[in-house]
Amino acid sequence: MSETNLTPARIERPTGLAMTMHNWKTALKTQTPYLMTFGIALWLGAYYLFVEGWELPRFNKLPGPVEVITEWLNPDPDWGMSLFTPEYYDHVVVSCRRILISFGIATGVGVPLGLFMGWSKIFRDYTFPILETLRPIPILAWVPLAILMFSGFETPVIFLATLASLFVTTLNTLLGVDSIDDDYFRAAKSLGSKKHHIFFHIVVPGALPFIFTGLQISVGVAWFSLVAAEMVSGEFGLGYLIVDSYMNITYVTMVIGMLTLGFTGWASSVIVRMVGNRMMQWRLRALALEGR
Amino acid sequence: MSDSVNSRGAISIRNLTKIYDPDGVNVMAVDNCSLEIAAGEVCMIVGPSGCGKTTLLNGIAGFHSVTEGEIYLDDELLCGPSKPKAEQGADRMVVFQHGALFPWKTLAENVAYGPMVQGVLKKNEALEKAGHMLAEAGLGDVGHKYPGEVSSGMARRAEIVRALINDPKVLLLDEPYRAMDSLTKSIMHEALLEVYDRTKVTIFFITHDLEEAIFLGDRVAIMTTRPATIKKIVDVKIPRPRSYETLSSEEFRKLVDETKEAVHEEAIKAFEAGERELA
Numbered sequence: 291m292s293e294t295n296l297t298p299a300r301i302e303r304p305t306g307l308a309m310t311m312h313n314w315k316t317a318l319k320t321q322t323p324y325l326m327t328f329g330i331a332l333w334l335g336a337y338y339l340f341v342e343g344w345e346l347p348r349f350n351k352l353p354g355p356v357e358v359i360t361e362w363l364n365p366d367p368d369w370g371m372s373l374f375t376p377e378y379y380d381h382v383v384v385s386c387r388r389i390l391i392s393f394g395i396a397t398g399v400g401v402p403l404g405l406f407m408g409w410s411k412i413f414r415d416y417t418f419p420i421l422e423t424l425r426p427i428p429i430l431a432w433v434p435l436a437i438l439m440f441s442g443f444e445t446p447v448i449f450l451a452t453l454a455s456l457f458v459t460t461l462n463t464l465l466g467v468d469s470i471d472d473d474y475f476r477a478a479k480s481l482g483s484k485k486h487h488i489f490f491h492i493v494v495p496g497a498l499p500f501i502f503t504g505l506q507i508s509v510g511v512a513w514f515s516l517v518a519a520e521m522v523s524g525e526f527g528l529g530y531l532i533v534d535s536y537m538n539i540t541y542v543t544m545v546i547g548m549l550t551l552g553f554t555g556w557a558s559s560v561i562v563r564m565v566g567n568r569m570m571q572w573r574l575r576a577l578a579l580e581g582r
Numbered sequence: 186m187s188d189s190v191n192s193r194g195a196i197s198i199r200n201l202t203k204i205y206d207p208d209g210v211n212v213m214a215v216d217n218c219s220l221e222i223a224a225g226e227v228c229m230i231v232g233p234s235g236c237g238k239t240t241l242l243n244g245i246a247g248f249h250s251v252t253e254g255e256i257y258l259d260d261e262l263l264c265g266p267s268k269p270k271a272e273q274g275a276d277r278m279v280v281f282q283h284g285a286l287f288p289w290k291t292l293a294e295n296v297a298y299g300p301m302v303q304g305v306l307k308k309n310e311a312l313e314k315a316g317h318m319l320a321e322a323g324l325g326d327v328g329h330k331y332p333g334e335v336s337s338g339m340a341r342r343a344e345i346v347r348a349l350i351n352d353p354k355v356l357l358l359d360e361p362y363r364a365m366d367s368l369t370k371s372i373m374h375e376a377l378l379e380v381y382d383r384t385k386v387t388i389f390f391i392t393h394d395l396e397e398a399i400f401l402g403d404r405v406a407i408m409t410t411r412p413a414t415i416k417k418i419v420d421v422k423i424p425r426p427r428s429y430e431t432l433s434s435e436e437f438r439k440l441v442d443e444t445k446e447a448v449h450e451e452a453i454k455a456f457e458a459g460e461r462e463l464a
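Chains S and B, in that order, are what the protein sequence lines are. If you read the first sequence in our numbering, its first letter stands for residue 291, the second for the next number, and so on. If you read the second sequence in our numbering, its first letter stands for residue 186, the second for the next number, and so on.
Rather than coming from a laboratory, the hints here were simulated on the basis of the structure. Cβ atoms here follow ideal geometry from the backbone N, Cα and C, with glycine treated the same way. One should not assume that every hint holds.
[To be verified] Derived pair list, reagent style BS3-like, types lysine-lysine, alpha-carbon separation capped at 27 Å:
1. Lys270/B to Lys484/S
2. Lys485/S to Lys290/B
3. Lys330/B to Lys484/S
4. Lys484/S to Lys307/B
5. Lys411/S to Lys485/S
6. Lys485/S to Lys314/B
7. Lys485/S to Lys268/B
[What the hints assert, rightly or not] Which bits of chain B does chain S cover? Going by a derived footprint, with three or more residues having C-beta under 8 Å, they are:
8. 274-282
9. 292-303
Chain S with its partners taken away, still in its complex shape:
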């Protein structure tokens, strides 16, 4: 058979801006963006009607959407916090920095830990009971210990956020290694792999889909344990902002803090998903052919 077609002409995929434009164009042809917009509108509409329109009992004490959005976009906010005040960004930046550090530590420790636990039976036998005992303990229960162990405001907060997401990452990575079909190990061994080959060529890539599912969950877990930690200890951050506004009865600012947290959290898991897709082209392409 022919040997000339070793390097076939491929259809070049668009890159950079052209690719982004192309993706947007394709996306606008599906119903997804319209349904998403409609969903948000529906939710906002109900929120508005319940709180500000009909002023239903129980709801009428809450800050309504018009009030919150007006304040959020107000260059001269009534309660001192909006998109135009530097303090707002201080809180966002502080929380994002804490997430970056704790999620980074949790991933850097959790992924290798999970991989080793999945790969080595002996290591797993040593460590699994510890993981399973510590994992169900809610992060709030760790707060006193964190404050006892670490000085200052920053370290206990980071410790708490790291801990929660560490467990999620480790467990998912471990399950990822378990999920790899035995035939891949057999094939790799028959093909002459040494232990380190199996680890880097089979265990790591084989566990990646589970690892990234775990990372998406763990970045979310990092956010909500961070907020719990900031509520107890800390002097900046979105969690602190929420509790502080509650104490000062500035409920509008409190809701702004909550919504900001929601959007930032969403953005962070989108980033994790994008990195995952980049690292798992093989999976993305196979799924695309299945129409997903």
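We have chain S already, so just place chain B on it with the hints.
Quick look at chain B alone, frame taken from chain S:
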């Protein structure tokens, strides 16, 4: 068999017995089974579902231990009482029932993997050789694709190429074309025969498909229901190279009927015993 130019890859299975979980359920999968496969022979193994065909393969490949008996490859002991589990090695390459190309590597990377980890070739040399071998198998255009992007037929052919690049003594195939439609299957058969005619590698091929068995094989070993042993060996004296005209020859039909009768008997026994299938 007679025109074989290959002098390596003879498998000798001697009085093999395999009992799964000897202390517990105690299921005897294979009982005192002996089979001689000559170097360069295509030996087809047929038998009822779960009778223990894969157990033989697992023993040869070194995936499972054997309870009693020995397996030799070219007079070299693979496994026996002194070492119940054979060492896995690139001299016996397995093509798996569900396919085991690494989905995270492209076809070319998959093929290049063996020589690369064995240290025989450097990565780029291995990739180059993989490209050539894939082109030889008619897969030159898809080397850069991932297994999930190509058809199951292409993936299976690439898996055979991944085995062949290691220059194995024996190819062990476990119902590799089971899930394929008959058209794809016929293409796969021709491709495998082409590979065989070129390499004369010993082939140990498990199947349920009797026509496939007669069409591809030099001999067809029919196994009994569990505990399995060899019931009958059918010699296929249809000359090679074989083509699709073979399928309509009278000799071919006669051999299929002969095999069918023997297998049918065992299938009924297996059905009546109603035991759970083993791998």
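Violations among the numbered hints, reported as their numbers in ascending order: Result: no hint breaks.
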